[in-house]
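Both chains come to you apart, so use the hints to assemble them.
Those protein sequences? They're chains S and D, same order as listed.
Position one of the first sequence corresponds to residue 8 (the numbering used here), numbered consecutively onward.
Position one of the second sequence corresponds to residue -8 (the numbering used here), numbered consecutively onward.
These are calculated hints, taken from the structure and not from any lab test.
A few of these clues could be false.
[What the hints assert, rightly or not] Some, not all, of what chain S presents toward chain D, calculated at C-beta under 8 Å:
| # | residue |
| --- | --- |
| 1 | V17 |
| 2 | E48 |
| 3 | F49 |
| 4 | G70 |
| 5 | T74 |
| 6 | S95 |
| 7 | G99 |
| 8 | R122 |
Please read all numbers here as calculations on a predicted model, not as lab measurements.
In this text, a Cβ means the ideal position worked out from N, Cα and C, and glycines have one as well.
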Amino acid sequence: MKIPQVSVFVSNRPGRLQTVCRSLADAGVNLLSLTLADSGEFGLIRLIVNNPEKAVDVLAKAGLSATITDVVACPVNAAIGGLAELLSTAVGSQQIDYMYAYPSTLNGSNIMILRFQDTDKAIEALKATNFKAIDKEELFKNT
Amino acid sequence: MLTTAWNDEENKVLPEMALDFMPEEKLRELQLQRLRATVKLAYEKVPLFRERMDEKGVKPDDIKTLADISKVPFSMKKDLRDTYPYGLFAVDLSEVVRLHASSGTTGKPIVVGYTKEDMEVWAQVVKRGLLACGFRSTDIVQNFYGYGLFTGGLGIHGGFEALGATVIPISGGNTERQVMLMKDFGVTAVAGTPSYFVRIIDVAEKMGVDLSKLNVKRGIFGAEPWSDGMRDYIEEKTGIKAYDIYGLSEIVGPGVGCECECRDGIHIFEDHFYPEIIDPETLEPLPDGEEGELVISTLSKKAMPILRYRTRDITAIEKTKCKCGRTIRRIRRIGRRSDDMIIMRGVNVFPSQIETALLRAEKALPHYQIVLDTKNNMDTLEVKVEVSRDMVSDSMGAMEQLNKKFKHSIEQILGISVIVTLCEPDSLPRSEGKAKRVVDNRKKM
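Chain D on its own, in the form it takes in the complex (with noise of 0.2 Å):
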């Protein structure tokens, strides 16, 4: 498999790609060398990595093997805030060349922080996941992702800039603009948060500008969950191909993983990440195949090693190889975080299955909200979606009709009822980076 990969003409194995192709024993090798390091850097240097390590009488010996990770105690979103902003940096902060932050909706913001080094593998990750994609120096890319303290856009963009791509640093926002950029600077690739590119897909329309009859050929999308039928969607009203990203902050940013040309799962980039798959309740590894929490170790990271991250994102390790001949593994697309998981009357809903079952019902993607609300003691669901051009009929039994193939397409997924509303095109509000779903106005118990 992999000589036909490499003189495969239409998808070429470039050097640059040479990692991804890494033979499986050397690859498992190298990974076993940087997870002792990376352990025994986080021991040394981290006071919460050594407490609980100390606690579960784990030393950095003891990793012999890449099975001896699951010796290694976990880390969460939560030890990020408790040790605001530096308590889990390795090096001193003269050593740190740039640093990133959460958004912090609630409560203090998490804080990362890189040393030149970690910058060069971030963006060389980065590098090699649009290179799996296509991307080529050659591209001229509109990167819509937000600059600033936020991952995205500066991760985006540093690997844009090593790939030697031309990059228009728009960031979000001022949504006619980026349409009139895309025409006038010839662009030909776009990256950004896929809600938002819906949003200017939206706009062009508006705008009387055909996105599919400009030069734009590829899209790199990430920072939130989106679904098949969005791909579809985002691909049949642009004529682009759209792949999917994989990153947190947490862990590097994005560019921990990436899809290939064969857009069947995201590799991660193994020699510096290392995945696991775990029982969420019970916290057992879990073998490739099975469905869990996705768990991620850097492996390469000197200003803040991250062990055992649980990243909430439910997905699972593909046993099978994947066509392009990557011997880095792939995880399934993830479609659920399980930040985002709804609790609604006991069941669990996630807002992804709502976009799966608005596109079943009308095969085009409505801008949608999620409402919680307590009626009568009651919780209650409620999916506003904005009816467009294409929906409205001069009959108000077919709008009834339309109400009612959402609902009942929504309550055939999810299992319980919900209410469904027709809105105004533009009534509900709208991102600029990461899409809103959800609005909880139940009162708490």
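Just chain S, with the same shape it has in the complex (with noise of 0.2 Å):
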């Protein structure tokens, strides 16, 4: 249920974006999804990629620090009030750090990434729902 997804910390100056898409385009990793937060010195980017253990080690190869954590992709209705509806829920109630969306479709629903505080307790309050998570075989199957 839980998606592995790399953050890189970089530093907030003109390059650094590029030498982390190359580093992984070069060594055949392949990028799903991106977000970028910023903090005025320095950056975060999030990732989500088809070979995270791999993308963490390319990275350290061109110096740059990586980590991998556990995030949720949960599919909401490609229609107004989709993702309220998600919301609505006992996942609503969770504390939820950050979410972006997921560049491409399910079944002709739209993809949410969601970093909650608590994933376990995330993903039980998720199962008392009608939207299902969506585990990593399925997320990556063509990739």
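In structure tokens form, the structure reads like this:
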């Protein structure tokens, strides 16, 4: 149920994102989703890739520090109120640290990537709803 | 204590170590005799020392006890620069078999010379230090101190060779090859600057080589002050035991003093070097146990006798006897050099304090650099800290927390506000010899 996400620490200056993407591409790692967070001096690049362990090694060789954390991928209705519907369930009362959209659909549904403070508890909460978290195999199926 | 030490199976006293255990009375007698000879040599052969002594109205014959050393004028680094290159030599150059020099980053380098006899003494003191730390003739030693004009490389080399160990004179640099040879040559001991060894640890990790699985058991480190935290870091990462050797080129190079297996201070090889502690302000001698500036006089050097050299190192001579039973006295490990001191808004700051603060905050030794600058007519102290893999989080809040933790830990120790900037790994300059920790961009008044 958990999806491994790679987070990379970078200095906030031009060219860093390029280094990250180029290193992964050259190593044949498929980049599926990406989001940036910054705090002036530095930034975090969060990535969903088809081979997270390899990505961390490749980035380390490029002189970058990265780590893997678990996130949850959840389908939401591709219609008005789709996300609101998900958050109206018990999932909505979980502590969500951040979320972003995954740039492809699955069986007509949009996919949201959610980072919960307590992933296990959130997955439990999700089980009681009509929403079914997407597992790693399914998400990476055609990559 | 002496008898137990001689019979201790774990830490055997070998015949070569006998001088470290000389009865104290005999040691003082020997020191006085050698001091008188050295003062006489310096007075007769070195114009600078003669002029200074004449100014004070001191004659070599006035040195009747060891305490009379306080009558002798001081010398300092500037004296070596001012007499560049050979002005302090007491022998003809034909008797000098080796020259060394400092890097001379600020103007002219300082030059030191050795007679054949001086070279033998140097090798012997280093050897005694190595023996005291448990190094033996069976060791295969990777020496990554820089070879060349710097006294570190060849000084340590000479000591290990006198010991009969197998020395690999690899010098500094080419870190990946350092790791490869360490593995392939079955290296059992390493020698060099602690900061460069930390670099080797990093590179080995990147290469997927676990140093703790190799044969390396011991390391001898020196040429720059290093904290106990750095020692813990080195030992935890590699499983070796790390020992501190002390020295300075002006006196002989490495081997002025060295730790023993007890690692409770640095034994000075007192039969060749006479240590004193002075108050750096009043220049008055301080009793054993009190902290001040270390002053050293050579007792046997022929090419370049040095009287009461102000080392700029802040330490104290220990009052108590070491558990090893050595009678030669110890100084506390050097944490601070008055040369390294940064004055920031009137507060004295030492790089080693920042190292301690970082270790306290993260229990790991990140690479760091101290940058001093002037912004809006205000001096600022910025500490750049490299973020290692263990420190990264996916949470922005956690990264900001890490920054705050470093900042808080440093400010608590220094008592002044600092800026902490988190940087990417390998973004700060690396040294292959002594670490350059401070960049000063402040506007000079």
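To see whether the hints hold, each was checked on the structure:
1. V17: holds, 6 Å
2. E48: For E48 of chain S, the interface hint holds, since the closest Cβ of chain D sits about 6 Å away, which is under 8 Å.
3. F49: Interface hint status for F49 of chain S: holds (5 Å vs cutoff 8 Å).
4. G70: With a minimum Cβ separation of about 4 Å from chain D (threshold 8 Å), the hint on G70 of chain S holds.
5. T74: The hint holds - T74 of chain S has a Cβ within 8 Å of chain D, the shortest such distance being about 4 Å.
6. S95: Where the cut-off is 8 Å and the nearest Cβ of chain D is about 26 Å from S95 of chain S, the hint is violated.
7. G99: violated, 20 Å
8. R122: holds, 7 Å
In summary, the structure is inconsistent with hints 6, 7 from the numbered list given earlier, while agreeing with the others.
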